[in-house]
Amino acid sequence: MKLRFARKHLCIPYALFLALFVIAPILIMLYYAFTDSEGGFTLMNFASIFSDITALSAVLSSVSIALLTTAICLIIGYPVAYILARSGLKHGKTLLLLFITPMWINFVMRLNALKEFFALINILDKSAYFNTVIGMVYDFLPFMILPLYTTLIKMDNSLIEASQDLGANKIKTFVNVVIPQSMPGVISGITMVFMPSMTNYVISDILGRSHITILGKLIENYFMQNNWNMGAAISMMLLAVMFVFTWLTGGFNDDAANAKGVGL
Amino acid sequence: MIKRIFSCVFLALVMLFIYTPILVLVVYSFTDSTVIGVWEGFSFQLYSDLFHDKAIMKIVGDTILLAAGAGIISTILGTTAAIGIFHSKKRAATVMNTVNNIPIINAEIVTALSLALLFAFVLTFINKRIISLLIGHVVITTPFVILSVMPKLKQMDPNVYEAALDLGASPTKALFTVVLPEILPGMLSGFMLSVTLSLDDYIVTAFTKPETFNTISTYVYNAVKVPANSALPGLRALSTLIFVLIIIIVILMNVVKKKEVRK
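So the protein sequences, as listed, match chains A and B.
Residues in the first sequence are numbered from 1 upward in steps of one, following my numbering.
Residues in the second sequence are numbered from 265 upward in steps of one, following my numbering.
Watch out, some of these pointers could steer you wrong.
Unchecked claim - Residues from chain A that keep clear of chain B, each with C-beta distances beyond 12 Å, as calculated:
(1) Pro-13
(2) Gly-40
(3) Phe-50
(4) Ser-51
(5) Ser-61
(6) Ser-64
(7) Ser-87
(8) Gly-88
(9) Phe-107
(10) Met-155
(11) Ile-160
(12) Leu-166
(13) Ala-168
(14) Thr-173
(15) Asn-176
(16) Ser-210
Said to hold, decoys possible - Just so you have them, the derived chain A footprint on chain B, three or more residues with Cβ under 8 Å:
(17) 379 to 389
(18) 496 to 507
Claimed, not checked - Subject to a maximum C-alpha distance of 27 Å in a straight line, what follows is the list of computed DSS-like cross-link-like pairs (lysine-lysine):
(19) B:Lys-418 / A:Lys-154
(20) B:Lys-267 / A:Lys-154
(21) A:Lys-154 / A:Lys-126
(22) A:Lys-90 / B:Lys-523
(23) B:Lys-418 / B:Lys-523
(24) B:Lys-353 / B:Lys-437
(25) B:Lys-418 / B:Lys-354
(26) B:Lys-267 / A:Lys-172
(27) A:Lys-8 / B:Lys-418
(28) A:Lys-170 / A:Lys-93
(29) B:Lys-473 / A:Lys-126
(30) B:Lys-521 / A:Lys-90
(31) A:Lys-8 / B:Lys-354
(32) B:Lys-418 / B:Lys-392
(33) A:Lys-8 / A:Lys-90
Worth flagging that the hints you see were computed from the coordinates, not collected in a lab.
Just so you know, even glycine gets a beta-carbon here, dropped at the ideal spot from N, CA and C.
With the sequences and hints as input, model every part of the structure.
Listed below in structure tokens is the structure:
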């Protein structure tokens, strides 16, 4: 029987590609996370994340750095997106481009620029922790601004007018109408900032002068020592966090992809 | 009025935060001093050294080739996949879209480690080769091509393709002459996005690349980690060139978009 061409068959090459290079690697990782170096089943890899002092401190510093970075990005990014999208600026779209252009410049190079700048103003050898957080904000701020801008610009003006017609003042309208309406953007922004700031060890290496070990660095260290089992266990944990997060926020939403500039 | 001034000041401050480090680097690329903060007089020495440094020029060339390769492969793979997903049954489409989103929302280090495991234990014959690096980049870039092409497919009039078939075009011909021109803008932005993501990548690159092969990202990372490295002044010139190039590209794309809108 000759298979008749249908347009749906066009996704076969990519389906095979995904099976081989996305699904299979995750399954292999799952296997290594639950086995020891001899290949026997074990839960020790996961247990040692919480008993090993290096691993536990990496978990804690990752979470605290990621929370702080995300909060700062939101505090800076929300007003920026709001002003650009809703204050009737003439060149809002062009200004937005200025805010996100750095996103397209090689991020290691931008970090080098920031490091040189820190050295110039003499704060490079001060707090490794805060330098890392500033670096994360510097790097990830566009990922927060962009999805917020997309949701705020799409927001229906009549809702705001209705709220004001019904007697709510500006602050009340903002809290009860604008913020809830922009939640999809807030959630995408948080998704796009929180996970990378727990794991992007390039930033903590360059600006924290390797004094800070976050989860990403820990995985890299295990990778360098060929300790695949521990590296896989921590990666599995991060994967699980990602799935729970996506599930809690009601599935993947396209605004998350917008954060990287799709459709710009 | 006060609110407006306040808004503008706020935007200006954030802009200052974003651009000051870059501008400092640009300014100090025009002086031949070992550290930033010391001005040794205006010179193009760093640029001249840069262009005569064969090792760096090779790294720049390799990085561009890799990005172009990853961009072309992921654009073809992603576009065909998007058309396929768009015409699949709902269940199959949901599965494809879900798996497609994994590399987007997953922490990059997890993608990197899982690929490193695959190459180290299963596909050992391509472990730490150019091909494993290329695959790594295609994994992280293709999902964005699909997300760029999909909206264009949804905007398309479905009857046009059927009409082409009715008028005697083969399915392949109809795809190339009717569908392709409609989704071309989506493919282009998907390609551009893939190229920038590939140029920008460090983590997946570090986990899949051959030992001696370097991209701009891995080169800069290794140079920056060594204190007072002699490569740092040269980096100022290289960074300046890349900053300027990106800004020109962004302006050009913006002008083209505006012209399209006016049409």
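Chain B versus Ser-51 (chain A) - minimum CB to CB distance exceeding 12 Å, so not interface: holds (22 Å)
Ser-87 (chain A) non-interfacial with respect to chain B [C-beta, more than 12 Å]: violated (6 Å)
Hinted pair Lys-90 (chain A) and Lys-523 (chain B), Cα distance within 27 Å: holds (18 Å)
Satisfaction of hint between Lys-90 (chain A) and Lys-521 (chain B), Cα-Cα up to 27 Å: Measuring from Cα to Cα gives roughly 17 Å; hence the hint holds.
Pair hint outcome, Lys-8 (chain A) versus Lys-418 (chain B) [Cα-Cα no greater than 27 Å]: holds (15 Å)
Proposed proximity, Lys-154 (chain A) with Lys-267 (chain B) (alpha carbon, max 27 Å): holds (23 Å)
Cβ separation check - Ile-160 (chain A) to all of chain B, threshold 12 Å: Holds: least Cβ distance 16 Å, greater than 12 Å.
Holds or violated: Lys-267 (chain B) to Lys-172 (chain A), with C-alpha atoms at most 27 Å apart: holds (17 Å)
Non-interface claim for Gly-40 (chain A), where every Cβ of chain B lies beyond 12 Å: holds (17 Å)
Pair hint outcome, Lys-353 (chain B) versus Lys-437 (chain B) [Cα-Cα no greater than 27 Å]: holds (23 Å)
Lys-473 (chain B) paired with Lys-126 (chain A) [C-alpha distance capped at 27 Å]: Given pair Lys-473 (chain B), Lys-126 (chain A) is violated - Cα atoms ~34 Å apart, limit 27 Å.
Assertion that Phe-107 (chain A) lies outside the chain B interface [Cβ separation over 12 Å]: Nearest chain B Cβ is 6 Å from Phe-107 (chain A), so the label is violated.
When held up to the earlier numbered hints, the structure conflicts with 1, 7, 8, 9, 16, 21, 29, 32 and 33 and fits the remainder.
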